[in-house]
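Here are the chains, one letter per residue:
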Amino acid sequence: MSGLWTALLVMIGGALGAVLRGLAEQGGTLMGTPPWCIILAVNVLGCFAIGFLLVWLECRLRRDGASQLAAHPRRHQLASWLGVLTPDPTLPAPEVARSQQRLRFESGFLMTGVLGGFTTFSSFALDVVTLWESGHVLEAALNIGLSMLVGVLAAIAGLELGIRYFGAQYA
Amino acid sequence: MSVSDMGLIALGGGCGASVRYGIVLAQSRLSRWPGWTGVLAANLLGCLIIGVAVGSDSHGPWVAAMVITGLAGALTTFSSFALDLALMSVTRAWGQLIWCSLLSLAGGIPLVLLGRVIGIAWFGGAA
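If you're matching them up, the sequences are chains A and B in order.
Numbering-wise, my numbering puts 171 at position 171 of the first sequence, and it's gapless, one number per residue.
Quick note: to get my numbering, add 171 to the position in the second sequence (first position is 1).
These are calculated hints, taken from the structure and not from any lab test.
The model shown is predicted, which means the values in this text are computed figures rather than measured ones.
Idealized CB from N, CA, C, for every residue including glycine.
Any given hint could turn out to be false.
Distance windows between CB atoms, simulated [to be verified]:
| no. | chain 1 | residue 1 | chain 2 | residue 2 | range |
| --- | --- | --- | --- | --- | --- |
| 1 | B | 263 | A | 133 | 17 to 25 Å |
| 2 | B | 274 | A | 141 | 40 to 48 Å |
| 3 | A | 93 | B | 204 | 47 to 55 Å |
| 4 | A | 92 | B | 285 | 33 to 41 Å |
| 5 | A | 87 | B | 260 | 39 to 47 Å |
| 6 | A | 8 | B | 278 | 25 to 33 Å |
| 7 | B | 199 | A | 8 | 16 to 24 Å |
| 8 | A | 71 | B | 172 | 20 to 28 Å |
| 9 | A | 37 | B | 277 | 33 to 41 Å |
Partial selection, computed: residues in chain A whose CB lies under 7 Å from chain B [said to hold, decoys possible]:
| no. | residue |
| --- | --- |
| 10 | 29 |
| 11 | 47 |
| 12 | 65 |
| 13 | 66 |
| 14 | 70 |
| 15 | 72 |
| 16 | 76 |
| 17 | 87 |
| 18 | 112 |
| 19 | 123 |
| 20 | 125 |
| 21 | 141 |
| 22 | 142 |
| 23 | 149 |
| 24 | 150 |
| 25 | 151 |
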């Protein structure tokens, strides 16, 4: 049952994210920004946000110790590592389950939904094809290089900033 | 952007995001492949769909709003893909990083072209 609620939250978030991207495309076009630059900016912004958001959600709600951040080299800077990196033995099981449920809801809505719907891979791939076919080979290559490099660096920066900012909280 | 455009984008976006959620969930429960392959599958499928939509564009502007910006846009994601790559790079999982990037790019871009061929052949109309 809770899986359906999560799916519903993902759906609402995805609709919201896609509309936001549509508005960004329209706004950017009005300002004369090339379409591929708008998608690039949207994707980079979303990449930074997802890194930052992951740390916030994990530190605040993760209680089963199974965080993806367990492999992060700066995990020891998480003051609230108990529950995040290892299960918290002091918490009663129902409370752990409740927190995990909230984590699924919030990450479903914000990460899978809003940010997943806001950022896009298909428009990026289509832009590469369009640029290439219209003879803008350099822009096509630049789009691939910048999207991958700046996107990943933005996500890394989001994680770093999140660990610095939220790692010290929720202790 | 008109209200009806916004509605079409929201409809397509909601469907796209929940299908991606379903694919990622099914992948993690049914297969032993690493987690990023779920997002990869959604991204590749979305690239095919955007190609089909571009090929069948003669059917009207609602295709652009609902299928291109909405459905294919939200079915695919760049943020989860980059987050996976970011976690691979900070943990120095270089092999996974190369596979994930290579399969996404070398799979996604040709699938747009393939989708367009399918779109023109099946739904091309005046095109």
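Results of checking the hints against the structure:
1. 263/B - 133/A: 17 to 25 Å: For residue 263/B and residue 133/A the Cβ distance comes to about 37 Å; the hint is violated.
2. 274/B - 141/A: 40 to 48 Å: About 19 Å separates the Cβ atoms of residue 274/B and residue 141/A, which means 40 to 48 Å is violated.
3. 93/A - 204/B: 47 to 55 Å: For residue 93/A and residue 204/B the Cβ distance comes to about 31 Å; the hint is violated.
4. 92/A - 285/B: 33 to 41 Å: The hint (33 to 41 Å, Cβ to Cβ) is violated, given that residue 92/A and residue 285/B are roughly 53 Å apart.
5. 87/A - 260/B: 39 to 47 Å: 27 Å, violated
6. 8/A - 278/B: 25 to 33 Å: At roughly 30 Å between Cβ atoms, residue 278/B and residue 8/A fall inside 25 to 33 Å, so the hint holds.
7. 199/B - 8/A: 16 to 24 Å: 19 Å, holds
8. 71/A - 172/B: 20 to 28 Å: 41 Å, violated
9. 37/A - 277/B: 33 to 41 Å: At 24 Å between Cβs, range violated.
10. 29: 10 Å, violated
11. 47: 4 Å, holds
12. 65: Since the shortest Cβ distance to chain B is 17 Å, the answer is violated.
13. 66: Since chain B brings no Cβ nearer than about 12 Å to residue 66/A, farther than 7 Å, the hint is violated.
14. 70: 10 Å, violated
15. 72: This interface hint holds because 6 Å falls under the 7 Å limit.
16. 76: 14 Å, violated
17. 87: 20 Å, violated
18. 112: This interface hint holds because 5 Å falls under the 7 Å limit.
19. 123: 6 Å, holds
20. 125: This interface hint holds because 4 Å falls under the 7 Å limit.
21. 141: 12 Å, violated
22. 142: Violated. Min distance 14 Å.
23. 149: 10 Å, violated
24. 150: 9 Å, violated
25. 151: 4 Å, holds
Of the numbered hints listed earlier, those contradicted by the structure are 1, 2, 3, 4, 5, 8, 9, 10, 12, 13, 14, 16, 17, 21, 22, 23 and 24.
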